[in-house]
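Chains D and R, in that order, are what the protein sequence lines are. End of the first sequence sits at 302 in our numbering; the numbers just go up one at a time, nothing left out. End of the second sequence sits at 537 in our numbering; the numbers just go up one at a time, nothing left out.
Treat the hints as calculated values from the structure; they're not laboratory data. Don't be surprised by glycine CBs; every beta carbon is placed ideally from N, CA and C. One or more hints might be untrue.
What the hints assert, rightly or not - Over 12 Å on every C-beta distance to chain R, these chain D residues come out as not near it, computed from the model:
hint, residue
1, Leu6
2, Leu25
3, Ala43
4, Gly46
5, Leu126
6, Leu173
7, Thr211
8, Gln244
What the hints assert, rightly or not - A few chain R residues that face chain D, going by a derived Cβ cut-off under 10 Å, partial list only:
hint, residue
9, Trp213
10, Ala380
11, Ala394
12, Gly400
13, Tyr520
14, Val524
Residue strings, one per chain:
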Amino acid sequence: MPAGLLTRFLGQLGALLGEQVRGWLHGLRGRLGRAWATRPAAARQGAILLCAALGLAGVASLVAQELQAARLPSPLDWRAAAALLARDARPGDAVVVAPPWLERARELAPHGLPVVAPSRLEGEPLPGVRRAWLLGAPEAPGGSAAAARVLLRQASATDARRLGGLEVLRADLGTPLLPLAVLADRAPAGAAVTARDLHGLAHRCLRLELTPQAPIELRFPAVPLGRMLQGQVELVGPETAPVQLRLLVDGEPLGAADLAGAGWRPFRFDTTTAAPGPRDLTLEASAPAGPRTLCLEALALP
Amino acid sequence: MTSRRPIALGWLAAALLAGLLLGGQAGLSAGEVSILEAGRAAAGLLTRAPLEPVTSARGLTALSERQRGPLLTEAVHGFAAEGGERIGLGAVRGARLGAAVAAALLAALVALVAFDLGGAPAALLAPALLFASPRGAAFALGLSRDLLGALFWLAAVAAFARSLEGETRLRRTRAGTWAGIMTGLAAAARPDLWTLVPLFACHWLLGRLHLAWLIRRAPRPLEEPPEEPPVDWATRLRRLPTGLAAAATVGPALAALATPWLWPDPLGRLWPALLSAHGAGQAAPVNPALLALAGLPGPVVLLFALGLGHSAQRLVRGLRHGDDRRARIGSLLLLAAGLPLALAALGLAPRQPGLGPIAPALPVLAVLGARALTAAAAVAWPARPRALAAGLAALLLAPGVRAAIGSFPHGRSAYGEPADGAPGAASRGWPRQEGGEAAVALLAELGRHAVPGARVAWIGVPAGAVERYRRAGLLRADLLDAPDASAADLAVVALETGRRDEEFAAWQELGSSHAEAGVYLDEVALAQLFARPGSWR
């Protein structure tokens, strides 16, 4: 008996609810119909949509500004990175920034810790660097993981950490390029040492002004030689005259290179034939066909 | 009385006041220094001209040859800078007096033209659209051929429009003469703006073509019309609009008058002068029009595009409904906005970073954009059009105003959010600044920390700018200029894209690559200061 009453009650309730919902739907349909009948003209609809789009564009622009600021490292992130470098960096370390415009690092890195901002890291040797600290902003515009990938490939051990908008990756280079000697450091008296740009990296080099009448001979006493003498020459200026380089070890010719064109030109002399140890090195540069200015970077490699 | 003049005067006063207040804080770029140095020489020669006409003429010819163009911009800014300094505005603020006046006049003119086209709301909005962004504000504050060029371009177009629709012949003639004079002044301020003459000619020809088309479409009368008497040349010439005739005669004459280099051999030097005016020999790794538009906030560019679209729509409607006035003015405005954009995109405008290449189009675009916005608001909400337009304008201008405040005084380094701002531009290798102006923000630090009598090498910072900073008291008096980094204790480096040999050589000479101070915009380094050990306290 109670079950029957309950069934009838629920049935009545369902019917009432259904009627109510049908009433609502009917009313809504009527209201929508009236709204459609009295809708604005097409031109006004277009203008309303256009105004809405313009308003949205303004809001989107403000949001984009906020998001862009959030993708950049904050002053706190920079302070944290500076503290980390001050605590953990040691001789033989260098800071690599990516993207290269992130050069606030030059201001915040401890004194004496080199900071490099290469436009590309692939194929760029970092002479004298045992550990590279990558300060990156991968989420910033132009930020990418390319520099990190290059360092990870070369690293024997790594330590990565996130400092807000900055990503700090310490890469212990597996096979660091540790020259036995850098000729720019042993420049004889009178030779000008400067630094030139290659892919955003400063290359210290000897600046030589050659004329056809006056070849230049540079002597470097007691240079520790290893496997090879490797380097590159930047041929500066619009002139086209070729340049000849000759290397003499203890007065004996060891190799020669002919360089032409403009820009950086690599060279490599095999020094394994010379007895290892400190040797007197002579570099002869000449430009018989015309005047030429060049910058010579050379490293004695083990 | 309508609100036309009060709005224009209000904009004039506001722009002048802003220019005078803010003009002393932004750094001087290489281009500005070049204008100031040539301007000082031009002003001196012109002042002496009544007493020594031959010497002055020779001097002006040499100066014009060096600048490879007319001297109007230089002379105007030279006199204004001299006056500004004499009335006590200082060496930097005073130097920018001419720019402040030009920007004020441009703001007022934009408001007047916008009022005529779109009423008071458009007049209130249009100058804001032009100046309320980092680059727009920098455009108004900086000395350039572009600001004066944009002012005279808009004035010439407005006068030409009046010459087409004046009620009386006298008014049309007067307006046409003004169009010619303004064309000449525009070409004398920025020589590539001689293109106003072909613009007016093109507009007239389009009108003639439209007329011919209407006549062809008109139903032919049943009877043969009586034969028309032959038309003589004088009558044909009278059909030419006065504005076009004046622009084609007075314009080149004024431009030639302002270019003394042309005087000895006008025909022989015309072609090199034109080539130079259109950017021949200037390197532009990125399309100048793209670079200029990327420097503006997204909503402003959107509104400019909307303005062009709205104008094109009005033109089509005008043609369809036979509304000659609407078609005439619409086509003139479209040509006036489109031609500089097209020339810049084709690399035929001066190829420089910043808004310069498209500068003449900007005031016209601002007017069209403001008119389009007010028109859309009026249609969308007829009961409250002004409230809707004001709300939308606030939303659309807010990003630009916010960025302008945030980036000041480095507005010339700012880029819009569609280009990902300054970081996005730096990542693409786009210019970080126009010519060493960001270094001004290092001067306070330099004054606080440099050891007494330190010698400073300025790398990428124009020497003329340093001299003005010193005279303005922004640079400590005891600091000396070093001829190069080898003789320097400190080096201030304005950072740019491209090779950095000088900076790296300075590190080598100073024995340090540690930056002691720097200027950054959205983390992009614009200038840094390096010191020899012991030279920085």
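Inset, instruction - Against chain D, run the beta carbon of R/Ala394 and see if the smallest gap drops under 10 Å. - result: This interface hint holds because 8 Å falls under the 10 Å limit.
Inset, instruction - Over 12 Å to the closest beta carbon of chain R is the bar; see if D/Ala43 clears it. - result: 6 Å, violated
Inset, instruction - Go through the hint on R/Tyr520 and say holds or violated, using the shortest Cβ distance to chain D against 10 Å. - result: 6 Å, holds
Legend entry - Least C-beta distance between D/Leu173 and chain R, which was stated to exceed 12 Å: The claim holds: D/Leu173 sits with its nearest Cβ about 20 Å from chain R, beyond 12 Å.
Inset, instruction - May I ask you to check that D/Leu25 keeps its beta-carbon over 12 Å from the closest beta-carbon of chain R? - result: 31 Å, holds
Inset, instruction - Run the C-beta distances from D/Leu126 to all of chain R and say if the shortest one exceeds 12 Å. - result: The claim holds: D/Leu126 sits with its nearest Cβ about 14 Å from chain R, beyond 12 Å.
Legend entry - Interface hint for R/Trp213, Cβ within 10 Å of any Cβ on chain D: 27 Å, violated
Inset, instruction - Please confirm whether D/Gln244 is truly not at the interface, meaning its C-beta sits more than 12 Å away from all C-beta atoms of chain R. - result: At about 24 Å from chain R, D/Gln244 clears the 12 Å cut-off, so the statement holds.
Legend entry - Cβ separation check - D/Thr211 to all of chain R, threshold 12 Å: About 22 Å separates D/Thr211 from the closest Cβ of chain R, which puts it past 12 Å; holds.
Inset, instruction - Closer than 10 Å between Cβ atoms is the bar; does R/Gly400 clear it against chain D? Give me holds or violated. - result: Since chain D brings a Cβ to about 8 Å from R/Gly400, closer than 10 Å, the hint holds.
Legend entry - Evaluation of the interface hint that places R/Val524 against chain D, nearest CB under 10 Å: 5 Å, holds
Legend entry - Claimed clearance of chain R by D/Gly46, with the beta carbon kept past 12 Å: Nearest chain R Cβ is 8 Å from D/Gly46, so the label is violated.
Violated hints for the displayed structure, listed by number in ascending order: 3, 4, 9.
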